[in-house]
Each structure stands twice: as C-alpha cells, then as structure tokens.
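Quick note on numbering: the sequence shown equals residues 23 to 394 in my numbering.
Since the hints were made in silico from the structure, they are not lab data. A few of these clues could be false.
Derived SDA-like pairs (lysine to any residue); straight-line CA-CA distance at most 20 angstroms [to be verified]: (1) LYS376 x VAL28; (2) LYS382 x GLY146; (3) LYS208 x GLU175; (4) LYS252 x ARG232; (5) LYS24 x HIS91; (6) LYS276 x GLY356; (7) LYS382 x LEU355; (8) LYS301 x GLU256; (9) LYS42 x ARG171; (10) LYS113 x GLY86; (11) LYS382 x THR32; (12) LYS376 x GLY63; (13) LYS113 x ASP273; (14) LYS143 x LYS369; (15) LYS369 x LYS208; (16) LYS113 x ILE96; (17) LYS42 x VAL187; (18) LYS369 x LYS94; (19) LYS382 x GLY82; (20) LYS276 x ILE236; (21) LYS252 x GLY233; (22) LYS276 x GLU256; (23) LYS382 x PRO36; (24) LYS24 x THR80; (25) LYS376 x THR60; (26) LYS138 x TYR59; (27) LYS42 x ALA198; (28) LYS301 x GLY146; (29) LYS42 x THR197; (30) LYS94 x GLY82; (31) LYS138 x GLY356; (32) LYS143 x VAL359.
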Amino acid sequence: MKITEVRLGTISVPLRVPFKTALRSVSSVEDIIVEIYTDTGHVGYGEAPPTGAITGHTTGAILGALRDHIIKTIVGRDVDDFEDVIQAVNKCIVGNTSAKAAVDMALYDLYGQLYKIPVYKLFGGARDRITTDITISVNDPEEMAEDTRNAVERGYETLKVKVGVNPELDIARLTAVRQAAGPERKLRIDANQAWSPKQAVRLLNQMQERGLDIEFVEQPVAGHDFEGLKYVTERSYVPVMADESVFSCEDAVKIMQMRAADLVNIKLMKCGGLYNALKITSAAEIYGVECMVGCMLEAKISVNAAVHLACAKKIVTKIDLDGPVLCREDPILGGAVFQEQEILVSKEPGLGIKGIDGLKYLDEKTILDKRL
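Sequences and hints are given; from them, build the entire structure.
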C-alpha cells in the first residue's frame, strides 16, 4: 500500500452556540482536512484545527508545514513501513504538531485498513464505548445556568465549566451552574491558564468550602509554569489536571516525575497525533497517573481518532470529546457515533471514516494565498 497523493481541503461547521473560554470566542469550526491516497484505492483521513491561541498554529502555518515538509516526506512511501514513515513525519519539521497530528491519524487510518482492524483494537481495545462531558462556555452566571439546564435536559451527567474571565466572578458562575445542575451531576472546571498560583488555591478552596463539589480543575495556571502548577496541586482541595502544560511526551513525563498535577490531559493536536499520545499513556501507566483524552474545538474526523485512543486504554478514565455535539451539523460520514454523552467507536477497519460532505479542496494557489 504505497502513498500516491495527498489532498488538502477545508470544512466549515457552525456551532449550536458560541464557544467561549478565557482565551477565545468561536462561532464555527473551521478545520483543515488531509486525505492520503494509496495505490490500492484506500484513503486515510485526518483533520487539524487552527487554534492559534493555544497551539500557535494558524491555517497558514498548518498548510505550510503540510505542503513544504510533511507531504514531501510521505508521498511514495509504503504504509506497511509504518514506524519509519511516522518517525519521518515527526522529524521532518520542528513543532507543528497540529499538521503532524492530521497526517498521523490518516496514516493510522490506512494502517488499520491494510490489516483490516479498527485502530482502537490495534491499540488494545479496552472498550467499545465511552461517556463524554459537555462544555459550558464562560458567560454571565444566568446564561451559564441556562446552558446547564439545557445540557441536563440532553442527558449529560458531567459538565465541564469554563471559568477564568474575571476570576472574582467565578464563584458566582460555579454557584449558578451547581444550582442548575443539581447535586448528583459532576462538575469539572477549566481555567485555561487564567489564574496565578496563589489566586488558584484561594478560589479553588473557596469553591469546595461552599459545597460546589468540583471533580477537578484543568490548567489553573500558565502552561509553562510547572512549579506554579505543583504549588496549586499541593495546596488545593480540588484535584489538578495538566492541559496546556502538556505539549509533548517529555512534558508529560516531567509533570509526572515532579508530581506537578494529579491528572494529565492528552490532546492529539498538542502532542502531534496518536503515535505520541500512546507514549504518554505508557508513561502514565508507569507513574500511575490517570489521563483524560480531550480535544480542541474540532469536527468529527480528529475527535473520532481521539475516540479510538480513549477506547483502547484503561489508563484513560476521563473523556472530554464533545466537539461534534457542540456543532449544529455533522458533515462527516462514518466514524464514531455520538449519541449525546455516549460515544460508540467505529468497528470498521482503520478509523471508519467514509467521506465528507461539503469538503472544499484547496488548489496550489489557494494554499499559497491562505499562507500569506
């Protein structure tokens, strides 16, 4: 199975409601699609979201990395030489993990098709379904309470609440959400690096003292501040999860060795795809640190790849793969089935993607224009 061609395209998917965090506000998913074609007629699918505020990867940067480096590296190679191919992708350009992740998942898609096995089975096959949370964007307390009631009506048992915009309002936000959710539902919060270490400890302990019962907090401090993260972990009543602090396997191992966080969030766009994500799960198994598999604001192709990872490994105990259910429509044919909070992994060979409605292919001129 030799790689003969790589095609690039874009999709645009409107959201049900605007997605707001401490870092950005978004009203639609605008992602880059990678299709890898082979001489056997098989096609592998990948996806990368431009998330400059988090990864630093813009549309132009992703397209440049793909066109100028990664595609040249893989065309003509045999999918069956998988280790060599995937290592070549990781070595051909520094950083650019979103572009690498899109190609990585497309290659795994092809590898699974080659051997007629779904990727989650290839990785271990711990289960065939998972349960995700759903995100409540940061807004005024009243609006967040209304969004919470809507999520509860849709059957969600775990809510991931965005905080950090005007930290002094965060207690009021969480109080409103807890009242709307009731005592039986789990609340986890994501500060997206918004607090200082001392501020984080004060706010988190106040939340618990007021009976808000927070399951854990994601990335309360700046991603580069490992010592600050450790400071919060050692003093907070709320368990701490590292997210923006984990951009590589090396980051994850350092955090585990420092005991700087109680949990680690794995996102394919940050670590560069499934190949590197598997290294993080292996380290987590050694250090006994439970993981969450999360996503950026992405459509179903890349989230589908993350579903295969989450279904494969028992060390993954938390799921934050709500990207597709935040969208107003789903243009992706095949792949995982998202039944609100329950996600059923595809049992088709590879990643199970069959096609994309509304995909706009990019020609050479358009790629160059988007890079400028």
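>> Tell me if the straight-line CA distance from LYS138 to GLY356 falls inside 20 angstroms.
In response: holds, 16 angstroms
>> Would the hint linking LYS113 and ASP273 be met if the CA-CA limit is 20 angstroms?
In response: The given pair, whose Cα atoms are some 18 angstroms apart, holds under the 20 angstroms limit.
> CA of LYS252 to CA of ARG232, is that 20 angstroms or under?
Replying inline: violated, 24 angstroms
> Are the Cα positions of LYS208 and GLU175 separated by 20 angstroms at most?
Replying inline: holds, 15 angstroms
> Within a Cα-Cα threshold of 20 angstroms, do LYS382 and GLY82 meet the stated pairing?
Replying inline: Holds, at about 16 angstroms.
>> Check the hint pairing LYS382 with THR32 against an upper bound of 20 angstroms on the C-alpha distance.
In response: holds, 5 angstroms
>> LYS301 and GLY146 were given as a pair; does the straight-line alpha-carbon distance stay at or below 20 angstroms?
In response: holds, 14 angstroms
> Taking only the CA atoms, is the gap from LYS138 to TYR59 under or equal to 20 angstroms?
Replying inline: holds, 17 angstroms
>> Next pair to validate is LYS382 with GLY146; report whether the Cα-Cα distance is within 20 angstroms.
In response: violated, 35 angstroms
>> Just to be careful, I want the Cα atoms of LYS42 and ALA198 compared with a cutoff of 20 angstroms; is the pair within it?
In response: With a Cα-Cα distance of about 17 angstroms, the restraint between LYS42 and ALA198 holds, given a limit of 20 angstroms.
>> Just to be careful, I want the Cα atoms of LYS143 and VAL359 compared with a cutoff of 20 angstroms; is the pair within it?
In response: holds, 17 angstroms
> Keeping to a limit of 20 angstroms between CA atoms, is the pair of LYS376 and THR60 held or broken?
Replying inline: holds, 15 angstroms
When held up to the earlier numbered hints, the structure conflicts with 2, 4, 6, 8, 15, 18, 20, 21 and 24 and fits the remainder.
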